[in-house]
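Q: Model the full structure from these sequences, guided by the hints.
The listed protein sequences correspond, in order, to chains U and C.
The first sequence begins at 1 in this note's numbering and counts up by one.
The second sequence begins at 1 in this note's numbering and counts up by one.
Among these hints, one or two may not hold up.
Per the computed footprint, the stretches of chain U lying under chain C, defined by three or more beta-carbons under 8 Å from a beta-carbon of chain C, are [unchecked claim]:
#, segment
1, 19 to 28
2, 141 to 154
3, 206 to 218
4, 291 to 298
Because the hints were derived from the structure by calculation, they are not lab data.
Cβ atoms here follow ideal geometry from the backbone N, Cα and C, with glycine treated the same way.
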Amino acid sequence: MLRYALKQALIAIPTLIAISIILYTILALAPGDPLGELASSPSLTPDVRENVRRALGLDQPAYIRYFKWAGSFVTGNMGYSFVSPVPVSSLILQRLPTTLWVVGLAYLLAIAIAFPLGILSALKRYSLLDQVVTTLTFVGFSIPTFFTGLLFIILFSVWLGWLPFIYDSTLQIRNFSSLLAQVKQSIMPIAVLGLFQAAVLMRYIRTAVIEELGADYVRTAYAKGLTGWAVVNRHVLRNALIPVVTLIALDIPTIFTGALVTEQVFRVPGLGSLLIDSIGRSDTPVIMSITFIYAILVVLFNLVADLLYGLLDPRIRY
Amino acid sequence: MTSAPPPNLKLARWRTAWARFCRDRMAVLGGLILLLILVAVLLGPVIYPISYSEIDVTQATAPPSWAHPLGTNALGQDQLARILWGGRVSVAVGITAMLVSISVGVLVGTLSGFYGGIIDQGLMRLTDLFLSLPQLPLLLLVIYLFREPVRAIAGPEIGIFLLIILLIGGLTWMTPARLVRAGFLTLKQRDFVTAVRALGAQPSRIIWGHILPNVIGPVTVAATLGVGNAIITESTLSFLGIGFPPDVPTWGRMLFDAQNYLVSAPHMVIFPGLAIFFTVLSINYVGDGLRDALDPQSNRP
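A: Dropping the structure here:
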């Protein structure tokens, strides 16, 4: 297992390098001056502008700049924001935990909903429950998350007044009531994202379990007198999980897309809203770094899925 | 399946698929609703008398009424007219982005599956790489960087339209590519392909005349679902305020504008949202029905 894990981790590195090259090429190909506003500012003389350019290394060819950028990125130096004199890395570090927190909890919620319902609906195929679940999954992944989010706000905040409108980022957990407020304001973003993921997961799980139920080993297990629960729990699930994990791995970019949109709807101060705000402010260094951080997250979670895959299916470890 | 079936047999296969599709009630219903939506967005702006851009501040954020069946927005523009017009944008983006994605996918899948070897390995690495790209952030980055230049070249609307469809297509060709490649790998070992090859057919004839027609089923399904995904992606971009210019009414943009009026004018959220939802839901049901109908393995009665 350790060798397999190491191998997967080593495969992830060239992927990240390739993605960083793609991103940097896009940036280098883009027309317009990297100096942004400074380039056309009348308060700078051409000499000063040239000096700034040289100081930033903009007089060098793109590939040299790439190596410098990549080298400093590895050490955690992502440059400075154009807008405020803050290192990009500290901006990102402020936001990253929130995003991971929302995505993580949403995913747990999705798993908690999708596994029982998906398995039940596969076991009781064509039953009323199955029809309801299948319809709900279709509805679930056909509603864009920003629409569900707005509907939730209208329903739970405007009409019922149960939950706060938008996420208050200044809230600090000091006592029980602020903890309650934190829970209350987290419910909607996590529910919106979690329900969407649950719909996707449920579909995968149902299909995978149905595929396995027809297999010979299931019949054997029943024939030797195992109860339905034991067959599902010990035999079917473990095998059905293998394709499910593969599909989840393919779906990881979508999870972060959903998180980005949800953050924007509820004004959750995560990476996604920082990205959108930075686009509004034309803050290229921040935009560039966040895009690459998303790429790292996707590759990282893909790696986790691969490791899980190896854990579930001993055959592929060798 | 017979090798290289004569035309009437091919027709019969499509007829069976059609019959099977018709038995799927949700798929037929989805197809009908989709047809209705298509007719509405094509003919609607012609028939419906109110302009989508006429501003009437006295009527701002009015709830649905006889004069404005779906209410008005913050500028007093008629929401129904905007939804009908925005539907044209969404459908156009959905279909053209899908065409881009399928074209690239079929090309990559064909090269990969037909030639194999190092070409196949290289292209499959590329496919894997594209699958692990963070789609939405990347879309945002590219639109941010290239927005101004394409605007300068092709105008504010056409420019951003081309940029969006090329990007969506360029980030979603992986599924069709894998499907086509898998089709080629199973088909090129089959007797009928060997026979055609032995008869001295050119590679292009083998690909176009004999292999591609046989993978058309899964590709059709991927294409249908691709339209729905492209519509959602475009709406997402517009919702984030980074899509078409503000005066172009797209469904996502209408939701973006509605965000600040959740209390006073919830109808501004509900109708455009439902438009996206019903379109994508019917597309997904049709795609699902097509999958069952076109899959030769699913011979269930």
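Q: The structure should be examined with respect to each hint, and the outcome stated for every one.
A: Each hint tested on the structure:
With a threshold of 8 Å between beta carbons, the proposed coverage of the segment 19 to 28 of chain U by chain C holds, since 5 of its residues qualify and at least three are required. Counting residues of the segment 141 to 154 of chain U whose C-beta lies closer than 8 Å to any C-beta of chain C gives 10; at least three are required, and the coverage claim holds. Counting residues of the segment 206 to 218 of chain U whose CB falls under 8 Å from any CB of chain C gives 0; the rule of at least 3 is not met. For the segment 291 to 298 of chain U, the proposed coverage by chain C is satisfied: 5 residues have a C-beta within less than 8 Å of a C-beta in that chain, meeting the threshold of three.
Checked against the numbered hints listed earlier, the structure breaks hint 3 alone; every other hint is satisfied.
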